[in-house]
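Undergrad: One letter stands for each residue in the lines below.
There are 2 protein chains.
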Amino acid sequence: MMKAKVYVTIKQNVLDPQGSAVQGALHALGFGEVGKARVGKYVELELQTSDKNEAEARVKAMCEKLLANTVIEDYRYELEQA
Amino acid sequence: MMKAKVYVTIKQNVLDPQGSAVQGALHALGFGEVGKARVGKYVELELQTSDKNEAEARVKAMCEKLLANTVIEDYRYELEQA
Chain A
1 MMKAKVYVTI KQNVLDPQGS AVQGALHALG FGEVGKARVG KYVELELQTS
51 DKNEAEARVK AMCEKLLANT VIEDYRYELE QA
Chain B
1 MMKAKVYVTI KQNVLDPQGS AVQGALHALG FGEVGKARVG KYVELELQTS
51 DKNEAEARVK AMCEKLLANT VIEDYRYELE QA
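Protein chains in written order, with UniProt numbering: chain A, 1 to 82; chain B, 1 to 82.
So here's chain A without its partners, still in its complex pose (with noise of 0.2 Å):
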């Protein structure tokens, strides 16, 4: 079995309203030293395969079809074996 853990994140030019709701809360709170704040997804999938380069190629089509939206959104992926 592999586990995947997958990163979407919000495109650097693309605005990200959750994250300057982040930001403006941070601050409100006394966190002043916060600059820009980005808000993204984190998933993470068991996989039942053990062939890494075949697991690769599935999540990858998995975060295109899926997960992120590639229009406004980055993704990025780390595969181990659980």
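Just to be clear, a hint being listed does not mean it is correct.
[To be verified] Distance condition first, Cα-Cα at most 25 Å in a straight line; then the derived DSS-like pairs of lysine-lysine:
#1 A:Lys-3 / B:Lys-65
#2 B:Lys-52 / B:Lys-3
#3 B:Lys-36 / A:Lys-52
[What the hints assert, rightly or not] From the derived model, a few chain B residues whose C-beta atoms are all more than 10 Å from chain A:
#4 Val-14
#5 Val-43
#6 Asn-53
[To be verified] Pairwise CB distance ranges (calculated):
#7 B:Glu-78 / A:Gly-24: 19 to 29 Å
#8 B:Gly-32 / A:His-27: 39 to 49 Å
#9 A:Leu-29 / B:Val-14: 19 to 29 Å
#10 B:Gly-30 / A:Leu-29: 36 to 46 Å
#11 B:Glu-80 / A:Gln-81: 24 to 34 Å
#12 A:Gln-12 / B:Lys-65: 21 to 31 Å
#13 B:Glu-54 / A:Met-1: 34 to 44 Å
#14 B:His-27 / A:Ile-72: 21 to 31 Å
#15 A:Lys-3 / B:Lys-3: 45 to 55 Å
#16 B:Leu-29 / A:Lys-3: 14 to 24 Å
#17 B:Leu-29 / A:Gly-30: 16 to 26 Å
#18 B:Gln-48 / A:Glu-56: 32 to 42 Å
#19 A:Met-1 / B:Ala-28: 13 to 23 Å
What the hints contain is simulated information worked out from the structure, not anything from laboratory work.
Just so you know, even glycine gets a beta-carbon here, dropped at the ideal spot from N, CA and C.
Fit chain B to the supplied structure of chain A, relying on the hints for placement.
TA: Chain B alone, transformed into the frame defined by chain A:
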């Protein structure tokens, strides 16, 4: 300046409906090898500080106060010079 990467995940024994939805959608798309799926948050913060120990304590406080709901969520973070 430092950069903090915060990962917020739902605790192991707490129900994760968003994860179940992702798992179901991936199955429906033909990714039958996907076992458990868990969805969390990923937050990137820029911090106007250069003291790593202080930054660490501040980020921990941000997680406890705002970024994570520690009743049902776990968090971890990484700090790096940026």
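Undergrad: Taking the hints in turn, state whether each one holds.
TA: We went through each hint and held it up to the structure:
no. : hint                            : verdict
1   : A:Lys-3 / B:Lys-65              : 30 Å, violated
2   : B:Lys-52 / B:Lys-3              : 10 Å, holds
3   : B:Lys-36 / A:Lys-52             : 18 Å, holds
4   : Val-14                          : 14 Å, holds
5   : Val-43                          : 5 Å, violated
6   : Asn-53                          : 14 Å, holds
7   : B:Glu-78 / A:Gly-24: 19 to 29 Å : 24 Å, holds
8   : B:Gly-32 / A:His-27: 39 to 49 Å : 46 Å, holds
9   : A:Leu-29 / B:Val-14: 19 to 29 Å : 25 Å, holds
10  : B:Gly-30 / A:Leu-29: 36 to 46 Å : 45 Å, holds
11  : B:Glu-80 / A:Gln-81: 24 to 34 Å : 26 Å, holds
12  : A:Gln-12 / B:Lys-65: 21 to 31 Å : 27 Å, holds
13  : B:Glu-54 / A:Met-1: 34 to 44 Å  : 40 Å, holds
14  : B:His-27 / A:Ile-72: 21 to 31 Å : 26 Å, holds
15  : A:Lys-3 / B:Lys-3: 45 to 55 Å   : 25 Å, violated
16  : B:Leu-29 / A:Lys-3: 14 to 24 Å  : 20 Å, holds
17  : B:Leu-29 / A:Gly-30: 16 to 26 Å : 45 Å, violated
18  : B:Gln-48 / A:Glu-56: 32 to 42 Å : 38 Å, holds
19  : A:Met-1 / B:Ala-28: 13 to 23 Å  : 21 Å, holds
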